[in-house]
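S.K.: The sequence shown stops at residue 683 when you use the working numbering, and every number in between is there.
A hint or two may mislead.
Capping the alpha-carbon separation at 27 Å, the derived lysine-lysine pairs in DSSO-like fashion look like this [what the hints assert, rightly or not]:
#1 Lys458 to Lys43
#2 Lys328 to Lys47
#3 Lys271 to Lys402
#4 Lys47 to Lys458
Computed spacing ranges between beta-carbons, pair by pair [as the list claims (entries may be wrong)]:
#5 Asp620 to Asp255: 25 to 31 Å
#6 Ser257 to Met681: 31 to 37 Å
#7 Asn508 to Glu186: 53 to 59 Å
#8 Arg535 to Asn589: 36 to 42 Å
#9 Met681 to Phe247: 30 to 36 Å
#10 Asp620 to Asn379: 25 to 31 Å
These are calculated hints, taken from the structure and not from any lab test.
Owing to the predicted nature of the structure, the values given are computational and were not obtained by experimental measurement.
Just so you know, even glycine gets a beta-carbon here, dropped at the ideal spot from N, CA and C.
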Amino acid sequence: MAVYGLPLLASAQLAVAAESARVTLDSMEVVEQRETYKVERTKVATKTDTPLRNIPQSISVVTDEQIRDQDMQSMADVVRYVPGVQMAQGEGHRDAPILRGNTSTADFFVDGMRDDVQYLRDLYNVDRVEILKGPSGMIFGRGASGGLINRVTKQANWADGHELGLTYGSWQNRRMTGDFNQGVNENVAVRLTALFEDSESFRDDVELERWAINPTATFRLSDATSIEVGYEHFDDDRTVDRGVPSFNGEPLKLDESTFIGSPDDSYATAKVDALNARISHDFSDNVTLVNQTRFADYEKFYQNVFPSAYLGNDQIRLAAYNNATDRKNLINQTDLTIETSALGMNHTFLVGGELSRQVTENYRQSGSFPGGNIVTLPNTRVTGPVTFAQSATDADNRSVAKTAAIYLQDQIELNSQWELILGARYDKVKIDLDNYRNGQELSSSDDLVSPRAGLIYKPLDDLSFYVSYSKAYVPRAGEQLAGLSATTESLDPEEFENREVGVKWDINERLAATAAVYRLDRTNVAITDPNDNTRSILVDGQRVDGFELSLTGNLTDAWQITGGYAYQDSEIKTPGGNNGNHIAQVPRNSVSLWNRYSFNAQWGVGLGAVYQNAVYASADNAVELPSFTRVDAAVYYTVNPDLRLQLNVENLLDEEYYASAHSNNNILPGSPRAFGVSANMSF
1 MAVYGLPLLA SAQLAVAAES ARVTLDSMEV VEQRETYKVE RTKVATKTDT
51 PLRNIPQSIS VVTDEQIRDQ DMQSMADVVR YVPGVQMAQG EGHRDAPILR
101 GNTSTADFFV DGMRDDVQYL RDLYNVDRVE ILKGPSGMIF GRGASGGLIN
151 RVTKQANWAD GHELGLTYGS WQNRRMTGDF NQGVNENVAV RLTALFEDSE
201 SFRDDVELER WAINPTATFR LSDATSIEVG YEHFDDDRTV DRGVPSFNGE
251 PLKLDESTFI GSPDDSYATA KVDALNARIS HDFSDNVTLV NQTRFADYEK
301 FYQNVFPSAY LGNDQIRLAA YNNATDRKNL INQTDLTIET SALGMNHTFL
351 VGGELSRQVT ENYRQSGSFP GGNIVTLPNT RVTGPVTFAQ SATDADNRSV
401 AKTAAIYLQD QIELNSQWEL ILGARYDKVK IDLDNYRNGQ ELSSSDDLVS
451 PRAGLIYKPL DDLSFYVSYS KAYVPRAGEQ LAGLSATTES LDPEEFENRE
501 VGVKWDINER LAATAAVYRL DRTNVAITDP NDNTRSILVD GQRVDGFELS
551 LTGNLTDAWQ ITGGYAYQDS EIKTPGGNNG NHIAQVPRNS VSLWNRYSFN
601 AQWGVGLGAV YQNAVYASAD NAVELPSFTR VDAAVYYTVN PDLRLQLNVE
651 NLLDEEYYAS AHSNNNILPG SPRAFGVSAN MSF
């Protein structure tokens with residue numbers, strides 16, 4: 001559920017997405033969903049259709065049915081029950097997942113294509129969400145340092161069906177989604193997904209309005225060739241809320257609804273226009289060529305007035321700034337997959353390439369307070385004007401990032417029990433940045449080689465043990481392509497190395513368990529040279545030693561579960577005052593478990609709980625967010641095959657907790673108990 005409370009209907013989905021069995025109850029035919037939380041196969045980690053148990057990497061897949069049952073609308077909702085992943089505050093205007101201790105605002109993909117601008121994504125057009133854990137540079141190139149999140153969107157198909165979802169929840173949460181799919185003839189199918197939301201929040205004067213539309217079409221040119229095309233427009237306008245400051249090492253105690261700053265001067269707008277095309281051709285049963293193109297135009301602006309410190313004596317100091325980012329991405333990928341036998345072994349070869357061009361313009365202004373930037377409790381609002389102008393250090397630049405990449409991968413079936421995966425990717429990444437503020441022209445060029453290796457042992461067909469190694473890089477301009485400076489342009493990129501040992505067990509056809517032990521190191525972090533402040537040097541950054549356990553699927557025909565446990569021992573290794581500290585917002589222990597139980601074909605309930613150890617708000621470990629346990633619940637009622645009603649309750653026990661932070665003085669309270677009802681209609 002979104003931070004704006006409880007708009008309680010997840011994106012409507014077509015019945016073709018789940019296997020179903022028809023049963024009769026009281027002379028009324030209803031549909032009983034089966035095998036909805038467990039996923040057998042994916043392409044996200046290898047670009048080939050591979051069983052999850054044959055992939056030597058931790059992967060979590062959040063399915064359509066889980067999205068619907070928990071009423072998810074945001075990335076924060078998606079990762080809540082995923083072991084080893086947290087969501088930082090993102091300053092109230094962007095997704096910022098923490099994947100194995102590495103925070104990212106850019107490691108997002110749509111159908112395997114980069115979607116890296118900072119904004120808050122929705123799930124209205126999503127069929128499932130795939131979360132890869134650990135560096136994934138061999139498949140996805142730069143970034144993907146601690147992992148990544150890939151949204152698989154709904155595409156037009158020949159299973160005719162239309163759905164409409166209506167939601168009303170606490171704090172005037174209003175949401176409507178639509179999903180309309182139609183086969184025009186045996187060779188053409190069209191689909192339209194759409195969204196409108198107008199919601200408020202438990203936080204005072206915090207509002208959200210967003211709408212989106214995503215038409216797609218599929219053309220079956222022959223039995224061997226198909227084309228998918230789509231266009232998305234997404235528009236999001238919201239109040240930016242950065243929470244409360246801290247005092248004496250903990251969040252300042254205020255009413256959970258209290259907004260600090262100026263809601264009228266704190267807002268974000270995001271507009272996305274994206275065109276996608278995919279052509280697939282089967283030369284034979286064993287040889288397939290796929291080419292994908294994505295052009296995306298992003299316009300993002302955010303402005304915020306927020307608490308920067310609690311000064312004591314009921315006084316809070318405020319700060320302000322705004323930032324505008326325009327980006328145009330043009331990306332093309334080509335993948336050739338060949339299944340063959342050689343030297344008595346089965347091989348699945350992948351040969352691929354990627355070309356991309358990303359043009360980014362970034363402009364920032366600092367805020368000032370002519371009437372003073374101190375507010376005294378109980379007043380928390382600015383009383384005078386807030387003005388914005390460029391300071392001597394504010395960004396005003398344009399960057400052009402060009403990437404040319406080639407990658408090779410071989411999935412080798414050595415025999416019935418042993419499999420080997422070997423792969424490597426070469427990226428030529430060139431970034432040119434014009435700093436309009438000081439006239440500097442900066443440039444960096446990196447030759448990145450991202451290897452991957454994994455060995456799988458299967459003593460039984462449904463049980464696999466694996467060991468793997470992978471590496472990824474972040475160029476010196478940073479994941480948002482705007483961080484290049486005269487002292488860093490010649491430095492090597494940051495490196496991320498992951499070593500992992502794991503086991504995957506399909507307990508039966510409908511229940512799967514996984515476990516993994518890993519070490520993830522971040523190196524080549526740039527800091528100012530302590531002996532020469534005009535230079536930067538590269539040092540070790542951080543280390544996370546972790547263990548993850550997950551269980552997903554059906555315990556019985558009526559009982560579905562998903563959840564897990566994560567242990568993360570994190571350490572900052574950068575020289576200086578934070579050396580040896582824990583990484584911000586990475587809990588040592590976290591546990592989650594969601595249950596859905598169907599009493600019969602009409603009635604069902606859901607119950608889930610999330611526990612998280614205390615975490616630190618920032619790297620200095622000066623402010624601690626206390627541990628918490630949050631319980632969620634739901635009730636489901638299927639009126640008939642065409643109408644389903646749902647009640648969700650967020651934070652059932654009304655736990656007081658802090659959901660996330662951006663710094664020691666930007667800490668966001670979690671939502672109190674919230675209710676929502678939704679109706680999902682098919683026709």
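S.K.: Against this structure, judge whether each hint is valid.
M.R.: Hints, one by one, checked against the model:
1. Annotation: proposed proximity of Lys458 to Lys43 holds, straight-line Cα distance about 20 Å (limit 27 Å).
2. Restraint check for Lys328 and Lys47: satisfied, since their Cα atoms lie roughly 25 Å apart, inside the 27 Å limit.
3. For a cut-off of 27 Å, the pair hint linking Lys271 to Lys402 stands: about 23 Å separates their Cα positions.
4. Taking the CA atoms of Lys47 and Lys458, the gap is about 22 Å. The hint holds against a cut of 27 Å.
5. For the pair Asp620 and Asp255, the beta carbons lie near 27 Å from each other, so the given range of 25 to 31 Å is met.
6. Under the hint 31 to 37 Å, the C-beta atoms of Ser257 and Met681, about 34 Å apart, fit the expected range.
7. Taking 53 to 59 Å as the suggested C-beta distance range, the pair Asn508 and Glu186 does not conform, at roughly 37 Å.
8. Checking the proposed 36 to 42 Å range against Arg535 and Asn589 shows it holds: the Cβ atoms sit about 40 Å from each other.
9. For Met681 and Phe247, the Cβ-Cβ distance of about 49 Å falls outside the hinted range of 30 to 36 Å, so the restraint is violated.
10. Hint check: Asp620 to Asn379, Cβ distance near 29 Å, so the stated range 25 to 31 Å holds.
Checked against the numbered hints above, the structure violates hints 7, 9; every other hint is satisfied.
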